[in-house]
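Asker: Okay, here's what each chain looks like letter by letter:
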Amino acid sequence: AQTVTQSQPEMSVQEAETVTLSCTYDTSESDYYLFWYKQPPSRQMILVIRQEAYKQQNATENRFSVNFQKAAKSFSLKISDSQLGDAAMYFCAYSGGGADGLTFGKGTHLIIQP
Amino acid sequence: AAGVIQSPRHLIKEKRETATLKCYPIPRHDTVYWYQQGPGQDPQFLISFYEKMQSDKGSIPDRFSAQQFSDYHSELNMSSLELGDSALYFCASSAAGLAGEETQYFGPGTRLLVL
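Chains as they are written, first to last, in this note's numbering: chain A, 1 to 114; chain B, 115 to 229.
These are calculated hints, taken from the structure and not from any lab test. Yeah, the Cβ is synthetic: ideal placement off N, Cα and C, and Gly gets one too. There's no promise every hint is true.
[Claimed, not checked] Some but not every residue of chain B turned toward chain A, in silico, with C-beta under 7 Å: (1) THR145; (2) GLY154; (3) TYR164; (4) GLU165; (5) SER169; (6) ILE174; (7) ALA201; (8) GLU215; (9) THR217; (10) PHE220; (11) PRO222.
[As the list claims (entries may be wrong)] Heads up, simulated BS3-like pairs for lysine-lysine below, C-alpha to C-alpha not over 27 Å straight-line: (12) B/LYS136 with B/LYS166; (13) A/LYS106 with A/LYS55; (14) B/LYS171 with A/LYS106; (15) B/LYS171 with A/LYS73; (16) A/LYS73 with A/LYS106; (17) B/LYS129 with B/LYS166.
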């Protein structure tokens, strides 16, 4: 079974600074998908970014980018120019693709200091 | 853009009662997933359906059942409710039948409280 580990229960960053959230995973598959989801206090699950394992290029979405290291099974999220609206719980998630369910990490609570 | 719709948004039930949660996927999405998220926990995958057939199964209790209908909406039926079933239940949808479209988009969730 696949596992996802987020070793940082909580992170704090100053507004406008850069922060990196860590995620490692374990799988025996060669093709899979990785995601970062954001869950603000409203508890809505919002997709932040996705990465296909077969792509070597790291995904980027505006201020959000990932560092995907397939051999190390590492998938970190970098948030640049942090904004107050970025404050939320961030979940790293793994999918084998198709209709497979997501396996989530325990989450990292991100605090933005004004 | 249209999103995943879940109803009801809030539900209060007594122990041993039955509850039915509904999910309407994003138009043209063929796959529906159900998740349970307890307080302070990460979402746990329950079950998924692709083209109206059960596809993947997670930690869904035997007291729960689900199905996907011809219009692709899905219902999660929960019987003999227990206090521990109190949680936020998410439905997500994707166009998993299309290569590269496996991204799951989540609905707002149904908050279930069992008293």
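Asker: Take the hints in turn and mark each one as holding or not.
Answerer: The hints, checked one at a time:
1. For the restraint placing B/THR145 at the interface with chain A, the shortest Cβ-Cβ distance is roughly 5 Å, inside the 7 Å limit, so the hint holds.
2. This hint is violated: B/GLY154 has a C-beta 9 Å from the nearest C-beta of chain A, more than the 7 Å allowed.
3. Evaluation of the B/TYR164 hint against chain A yields a held restraint, the C-beta minimum of about 4 Å falling below 7 Å.
4. Contact between B/GLU165 and chain A, as hinted, is not supported at the beta carbon level, the nearest pair being about 9 Å apart and thus beyond 7 Å.
5. A least Cβ separation of about 4 Å between B/SER169 and chain A falls short of the 7 Å threshold, and the interface hint therefore holds.
6. The closest approach between the C-beta of B/ILE174 and any C-beta of chain A is roughly 10 Å, which is over the 7 Å cut-off, so the hint fails.
7. Hint on B/ALA201 is violated. Least Cβ distance to chain A is approximately 11 Å, over the 7 Å limit.
8. Given the 7 Å rule on beta carbons, the hint for B/GLU215 is violated: about 10 Å separates it from the nearest Cβ of chain A.
9. The interface hint given for B/THR217 is met, as the beta carbon of that residue sits about 6 Å from the closest beta carbon of chain A, less than 7 Å.
10. With 7 Å as the threshold, the beta carbon of B/PHE220 comes within range of chain A, its nearest partner Cβ sitting at about 4 Å, so the hint holds.
11. About 6 Å separates the beta-carbon of B/PRO222 from the nearest beta-carbon of chain A, less than 7 Å, and the hint is met.
12. Taking the CA atoms of B/LYS136 and B/LYS166, the gap is near 15 Å; set against the 27 Å cutoff, the hint holds.
13. With a C-alpha separation of about 26 Å, the suggested pair A/LYS106 and A/LYS55 falls inside the 27 Å cut-off, and the hint holds.
14. Pair hint B/LYS171 plus A/LYS106 holds up; C-alpha atoms about 20 Å apart against a cutoff of 27 Å.
15. Distance hint between B/LYS171 and A/LYS73 is fulfilled; the C-alpha atoms sit about 25 Å from each other, no more than 27 Å.
16. At roughly 17 Å between alpha-carbon atoms, A/LYS73 and A/LYS106 fall within 27 Å of each other, so this suggested pair holds.
17. Taking the CA atoms of B/LYS129 and B/LYS166, the gap is about 30 Å. The hint is violated against a cut of 27 Å.
Of the numbered hints stated above, those contradicted by the structure are hints 2, 4, 6, 7, 8 and 17, listed in ascending order.
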